[in-house]
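Residues per chain, in single letters:
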Amino acid sequence: MSEQFEPKIVAFVCNWCTYAGADLAGTSRTKYATNVSIIRFPCTGRIDFMLLMKAFENGADGIIVSGCHPNDCHYTSGNFHARRRWIVFRSLLDFMGFDTDRITFSWVSAAEGAKWAGLVDETTQRIREKGAFTDFKKLDCSTFEKISHDAITE
Amino acid sequence: MARIGVFICHCGENISATVDVAKVAEKAGKLSGVAYSVDYKYMCSDPGQTLIIDAIKEHKLTGIVVASCSPRMHEGTFRKAAEKAGINPYFCEMANIREQVSWVHPKSDATTQKALDIVRTMVEKVKKNTALTPIKVPITKTALVIGGGIAGIQAALDIANAGHSVIMVEKKPSIGGHMSQLSETFPTLDCSQCILTPRMVEVAQHPNITLYTYAEVEKVTGFVGNFEVTIRMKAKSVDHSKCTGCGTCWQKCPSKKIPDEFNEGMGFRTAIYSPFPQAVPNKPVIDRDHCNYFQKGKCGVCQKICPAGAIDYEVQDEFLDVKVGAIITATGFDLKHADFFPEYGYGQFKDVIDGMMFERLASASGPTAGEIRRPSDGKIPEKIVFVACAGSRDKAKGIEYCSKICCMYTAKHAMLYKHKKHDGDAYVFYMDIRAAGKDYDEFVRRAIEEDDVHYIRGRVSRIYEKNGKLIVKGVDTLMNGDPVEIEADMVVLATAVIANQDAETVAQRMHISYNKHHFFAEAHPKLRPVETNTAGIMLAGACQGAKDIPETVSQASASASKAIGLFSSNEMTREPIVAVVNRQAPPNFTSCTGCMLCMEVCPYHAIEREEMKDRTGNLIKVAVKVNAGLCQGCGTCVAMCRNKSIDLQGFSNDQMLSEVMALLNS
Amino acid sequence: MRIGFYPGCSLEGSSKEYSDSLFAVAEKCGIMLEEIKDWSCCGASAAHNLNHDLALALPARTLALAEKQGFEEVVIPCAACYSRIAGTKQEISNNVATRKKIERYIDLTLEADIKILTVFEFLQKYIFPVADGHIVNKLNQKTACYYGCLYSRPKETAALEQIENPMEMDKVMVKAGATPIDWAFKTECCGAGFTMSRTDIVAKLSGKIIEDAADRGAESIIVACPMCHVNLDMRRPEIKKQLNKEINLPVLFITQALGLSMGIPADQLGLNKHYVPTDKVVTCIVKKEA
Amino acid sequence: MTPLQNKVAELFENGTISLMIGYKNAINKLAVPCFIDHATQVEQLIYTPECKGNLSVYLHKAEIKQAKKIGILANIATLRSLVQLTSENQLSDIEKTVITINAQNEVLVFDNMEKVEEYVQANFPEYTEEDKKLLEQLNSMTRAERWQYWSEQFAACVKCYACRAVCPMCYCSSCTVECNQPQWIKVSSETTGNLEWHTMRAMHLAGRCINCGECGRICPVGIPVHLLTAQMNLDIEKEFGSKTGFSCNSGYALNTFKPEDKEQFIK
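Chains as they are written, first to last, in the numbering used here: chain A, 1 to 154; chain B, 1001 to 1666; chain C, 2001 to 2290; chain D, 3001 to 3267.
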């Protein structure tokens, strides 16, 4: 059997719900894929869309963004602001032709260790099926090709 | 130049069983900026901490990364160690390689690699850390206790007796909660009201306690030590400062057929009422939904006859703003009611009742004056079947948990029945008998051995009526799984303990977490069982999970001690995880353009307008600043700010971007 | 839209009248049902006790064929077939690895997104909206609606809203003008699994069901499962021995009862194929008041 | 003298304004901005269909702000930017008189923002037919085709930041694109950096852009960058019901929320 592609996935999660939910998956010894590593933020409201862009630029194949369920935000409303930002950001990416299926958005509470594990496995599987994210890399190559092509034809 | 120390913990075998810790330590040692790297069996132990402290001193480390458990576990421990070694505690970061690596992945190269990735990420973060100083905030030494059941009563008395002010809010017309409805209490069979009523009176008379009944918490803002709470005082329609509690009004009220909640609908009350004779305060309120005056616009009897002139139909709900330093949530529980058990005919057959109804039947102050009679025809039942675990521990019903109190109260119910009807038959269907408290098992044995209650281990599949009897079909798993059919006169279902209907709303108002069954979540299931994740908000009683009275009282005292501890100093220190607006040399002062769009996103109103003026007082620039006392560090403003003029200490742009880059570039 | 139909073995054999009456009702209401071509056994009788993969592969093959033949919905009137196929669909759609494995076995690809309709769902969705125009008679009697176990268990694939006290069939009978009784035996065991091997147990369990229905004044029992029907209808001699009395309560399929209310002749509905005579049901019919 | 010139001369003479920002003729029949500080210069002022530039962009310039009493000739897009800028607290220290010419060719003078807001709301512009057509074309493409389209467009970007310079909403004194601690966006004009720049620009302007289209018009390599924010504004209006440059009090969809905001993608 050929070696299967193992994607690199970065999870941007809030400290109070999803991070705690991921800890709960740990204390419950729920097993899940090793492909996802967490970066902890105080709140989903803190997650800058630029960080998502930088993650893709630096070689992430997929991203998980997760925080408290609506109404459950430790800071009252950070997740509501984040939700609006994601709605807009996602539609911008889609309009630019970016494959938004590479980003999983979710709400995982501190009590949902099993949901977290499932989410990681499901996302890993989906990204595995999609393969490595190369759109950005191809982009740079094609620029150089175009430039050199232009240079030659001139 | 950064000199970072990396400390990899084995956590006994918790980490080292699946992660090659030696390899992680070795590879981490080669990372740029890492001056020292080591692995050790227990970093959090005394020798472990000493190892860290010595290494910081010996290798002149500027920052450390401890790769071990979740920062929720030991961040404080290691920050203190860093401080002891003479560096700013905020130069310590933790790499969570236990909860998020070793416990969730099998032993493999990928697991070790992930641990290393996380270590590298945190090394890059700590390089960007800055020295931070904790923030001091004053404390309002008043506690708010939400709920006036036994949990709230105990907590309020403890705090008040320690010399602090307490505000108690109870949504019903009287305090007392479910405990006031109980007949006798296990395992001693002493009368519930006899032990509770003195406590209720003490609350009402305590100089440090302000009691608001018929009131609810509407809004909570602020933070530990400095909460601002809005209380809705529901219109009682009776001026309690004038009312003497003489009772003339409820004797004369013409609306007499309102199902009595206190008696679980098995008796009637009037529209102007005090819920029970020992109520505190023992002064009535008008239930406007059932009052002729409010519904039909005519009546007014109570106003005419009130000798004190206390009836006021015009009064409206009022709102009261209070400042408190700590909040104790003691909002209690509810029982699963009808419709939940179509197979048991609960809600369909009058003589299939729940445990709380049985308490009222058995209570001397209840609708039958303590005689156990069938609700349908008032006859004394010859045979009663008690069904434990009605709904609890039943995945198909969506409730996996054990309601904890049913085994004991069912034994008590069977005993009470047998004590009153000596020749009656009592059957108990049970799954397991969980009688783990002090004197509890002895109590159950007494029911079985002395009072001759028939215990059948098995579940009931169906209850139906035939020829005036309730046919209870079940199974006896200790008799080869034989089907059992009992013709009973009455069935008592020990229905599941559930969270209050409005628990979710309450939690959302307080910004505390709750589990999927809407029981409030404690900060740590073992080590912080009475605090919530929101600092300054504590839990007491069954709002956190099913509990009996002794356990509820213990937890209430525990949360009271947390509040008292908080009130023992005049100010407290807070994590300096707050947002700051950058500063630049004049004439810029800051890169903030003063668009003020961030002001609206701040849930704490911590962002304020700031005017920059020259020496002569001319306005040069308008920008914003963050009030560090109010800021709670969510960082929503940071992600909102277009030109990154606001940053969050501890989770700065530089730190977060470094983490992303480090995680992905091995 | 084309609606697929999966008969399974019973509807072609012992319960032919279930199939006949379903088609008669559907035809009356102008609904076309199309049999899935080349369907195979659902594996209900033994496969799931022998080999789990086989138990999945058999229904999966039928589902894959249905998908290939372009059906979005399939009606499965037999409760046992429903249980097997719905269970398989659930297991396959929850687990990619299982799906891949089963696809290999059956050599067909499978989306497992096809909608499976029980007879209740089919009636509710397609017949109810047009039924009023076709119902000309009133079934003037008390009926006991008996659901059995396979529609209500396991919880994950249960086709009933309230598994402990289902009402789906009761609603259909109200439509047909009958008065369903409230009774406690709706989901009791009829002894189905022992229908051949231990007829004594069947007699005991089915006997209780029939006895309680009769005691509560039911004049017929309505079922939607071939197995229930066999046990309640065919095992009367054994039941008579067990109860020490003869109960002549006819057992009808839900579609037969509905068909009668639509004025479809009894023979066309297969009412002549029962062991317990069904005349009393036929004679109780009155014209529906306009 | 045209009615516009007369009006401006009058404003200078009665001391209402001390500086006027308007348009004048230039070569190739172009209209370029002009700044006049005396009634005698009003004859330069024109208002033709060529007067497309969004003059509100000059209000951020320190040298303009010094003038204290500023008159500004505003087409509808400029009026919307003035409204949006007011909601973002950017015009509070400027004493301004806004002049516009309506469809009936009447010269209107607004001495406060409430009146501007009222006029904008009554004359709220639609997207141009050309933009509508382009957006429709892009939206009817497959995702991969769109990616191809924008990749090619951004490959041409030389990061001259003309789109930023011309934008009335890009008023930050220092921009994140110039931030090098941390370095958010690569300096060189290679394509991922270009993509990041345009993504960031679109996100920062989503819900704030007033659709003047200047960024697209001014781009030296012809990238229709204005379509990004145009599409975002459509989405925002659809999702949250808010319009940009519409109200002086609340202008921004992304610093507020409704608990009932809907989405389909969060699991």
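The set of hints was computed from the structure by calculation and includes no laboratory data. Built from N, CA and C at the ideal position, the CB exists for glycine as well. Among these hints, one or two may not hold up.
Selected chain A positions facing chain D (Cβ under 8 Å, derived; list incomplete) [what the hints assert, rightly or not]: (1) Phe49; (2) Phe89; (3) Gly97; (4) Phe133.
Tested hints:
At a threshold of 8 Å, the smallest CB-CB gap from A/Phe49 to chain D is about 6 Å, leaving the interface hint in force. Nearest Cβ of chain D to the Cβ of A/Phe89: about 6 Å, under the 8 Å cut. The hint holds. A distance limit of 8 Å between C-beta atoms decides the matter here; for A/Gly97 the minimum to chain D is near 3 Å, and the interface restraint holds. The interface hint given for A/Phe133 is violated, since its Cβ lies 12 Å from the closest Cβ of chain D, which is over the 8 Å cut-off.
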